[in-house]
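Chemist: Residue numbers (the numbering used here), protein chains in the order written: chain S, 153 to 399; chain C, 63 to 304.
Each hint should be verified, as a subset may be incorrect.
[To be verified] In silico DSS-like cross-links for lysine-lysine, where the CA-CA straight-line distance does not exceed 25 Å:
| id | chain 1 | residue 1 | chain 2 | residue 2 |
| --- | --- | --- | --- | --- |
| 1 | S | Lys246 | C | Lys152 |
| 2 | S | Lys154 | S | Lys397 |
| 3 | S | Lys246 | C | Lys135 |
| 4 | C | Lys78 | C | Lys67 |
| 5 | C | Lys152 | C | Lys90 |
| 6 | S | Lys154 | C | Lys76 |
| 7 | C | Lys304 | C | Lys283 |
| 8 | C | Lys76 | S | Lys398 |
| 9 | C | Lys74 | S | Lys397 |
| 10 | C | Lys170 | S | Lys164 |
| 11 | S | Lys154 | C | Lys191 |
| 12 | C | Lys135 | C | Lys152 |
| 13 | C | Lys74 | C | Lys90 |
| 14 | S | Lys344 | S | Lys246 |
| 15 | C | Lys170 | S | Lys398 |
| 16 | C | Lys304 | S | Lys398 |
| 17 | C | Lys90 | C | Lys76 |
[What the hints assert, rightly or not] Which residues of chain S face chain C? A few of them, derived with a C-beta cut under 8 Å, are:
| id | residue |
| --- | --- |
| 18 | Lys154 |
| 19 | Ile157 |
| 20 | Arg239 |
| 21 | Thr242 |
| 22 | Ser243 |
| 23 | Pro244 |
| 24 | Val391 |
| 25 | Arg395 |
| 26 | Lys397 |
What the hints contain is simulated information worked out from the structure, not anything from laboratory work. From the three backbone atoms N, C-alpha and C, an ideal C-beta is built for every residue, glycine too.
One letter stands for each residue in the lines below.
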Amino acid sequence: MKSIIFASRNTKEITRDIMTSLFGIGFPIVLLVLLSAINNSIPKDYGPKLFNIELLAPGITVFGLSFLSLFSSMLISKDRTTSFMLRLFTSPLKPSDFILGYTMPLIPLAIIQSTVCYICALFLGLQFSANLIAAIVVNIPVAIVFIALGLLFGSVLNEKAVGGICGALLTNLSAWFSNIWFDTSMVGGAFKAIADLLPFSHAVNAARAAVAGDFGAIFPDLWWVIGYAVVLTAAAIAVFTIRIKKN
Amino acid sequence: MEAIKTVNLSKKYKTKTAVNNLNLTIHKGELYALLGVNGAGKSTTIKMLSCLTQPTSGDAELMGHSILNETDKVKELINVSPQETAVAAKLSVRENLEFIARIYGSNKKEARDKTDKIIEEFSLGEIEKSKASTLSGGWQRRLSIAMALITEPEVLFLDEPTLGLDVLARRELWNVIEKLKGKMTIILTTHYLEEAESLADRIGIMARGVLCAEGTADELKAKAGNDNFEEAFITLAGEALK
Chain S
153 MKSIIFASRN TKEITRDIMT SLFGIGFPIV LLVLLSAINN SIPKDYGPKL FNIELLAPGI
213 TVFGLSFLSL FSSMLISKDR TTSFMLRLFT SPLKPSDFIL GYTMPLIPLA IIQSTVCYIC
273 ALFLGLQFSA NLIAAIVVNI PVAIVFIALG LLFGSVLNEK AVGGICGALL TNLSAWFSNI
333 WFDTSMVGGA FKAIADLLPF SHAVNAARAA VAGDFGAIFP DLWWVIGYAV VLTAAAIAVF
393 TIRIKKN
Chain C
63 MEAIKTVNLS KKYKTKTAVN NLNLTIHKGE LYALLGVNGA GKSTTIKMLS CLTQPTSGDA
123 ELMGHSILNE TDKVKELINV SPQETAVAAK LSVRENLEFI ARIYGSNKKE ARDKTDKIIE
183 EFSLGEIEKS KASTLSGGWQ RRLSIAMALI TEPEVLFLDE PTLGLDVLAR RELWNVIEKL
243 KGKMTIILTT HYLEEAESLA DRIGIMARGV LCAEGTADEL KAKAGNDNFE EAFITLAGEA
303 LK
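Excised from the complex, chain S in its bound form (with noise of 0.2 Å):
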């Protein structure tokens, strides 16, 4: 309940700086937008298959997703260097409540992101098909994910060094082991092996595996999605914890 409270606090934090919520919801856009006429620009079969509208869309849903990251990382360690944060140290909120608070605010504007990418994408192509709904809920646990990254980043790395690390490398690092922009069993090897064994590339399976209406595909990747999903998360508490005792 308390955990409720405090992210209706952190739900007015995020809606009212409107520019990072555009940011947000408009970068994934334009990446489509752009790799579509891109796309279409490149004669049949000549142009890689994994920017075709049905692979590409659910890919840069995952990819927007990875800047909630950047969003949870910077509300977290931003707080942390304010005496609002001391105040509620001393209140009788736990640090699942901080780290749950955090989180439920960012699930909508997830949803909300990979609501009008889709649609942006019916505009390029895209079938419409209840499929999507089912795509839009696969990306739940992949937000978890990229918050959870963020809000363990934030936890212990100050305002300015998160940006560096959530918003340039994990971005970055999301993307290359994503299959989202190539198949990574084309470079094989040990960079396969790795990017089997990070979530992106099992997140983006998923949702491609529910935009085919593939549902049979979509439980072995988003295990992994979810397995790492819950283990972020408590990690995350168990860092908070730790940063506020060691206070």
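With chain S's structure known, arrange chain C on it following the hints.
Modeler: Just chain C now, with coordinates in the frame of chain S:
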């Protein structure tokens, strides 16, 4: 009844001992001022008593609950107005107050009622819809203290509540604090000696992590053999620092 009782409370940071075997007793309803030069151990003491940091050794009981073993219970009974203004910048005055009331267990209606009451008591009505970030330093500090009081704590920690405020804003806050006396136990840390002399029932002077003198302002002046409280403080703290 004792509101706070510390037993050999100590905090060490690597090679530095911030608080050394502090034995302090503060009675229920008392306003106790903790004085000391920078690095005396006041803020560390407040941090330990408010469960922000764990003591290296020793323990303290707040309203009969241990800060080591009953942290959750202690946190429900206390509230803190930190040294720097502690408000949520993007929330309005009313939203800040209702938020704090709710995380301490009030339901929506109770939080609204408590907020109405404290807004009236602190004369915050004209700015209740303003975002905290747009307020002046004085108003922000007033809001920060109101946020500490809305939970009706049994023990209130005021860490340098008037630091950086102009004379008028400081005097206004003194009046606010004066009105709280007797309603709850208040631990006040301050660098303004006249603030402690004017407001506190009893004063403790810390130096190098040790409580070196304690008593009413008059008792401390008598102990130092000086009618001027500032001179008395310099004598008592200076002796401990020799």
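Chemist: Does the structure break any of the earlier hints, and which numbers would those be?
Modeler: 5, 6, 12, 13, 14, 15, 16, 17, 24 and 25
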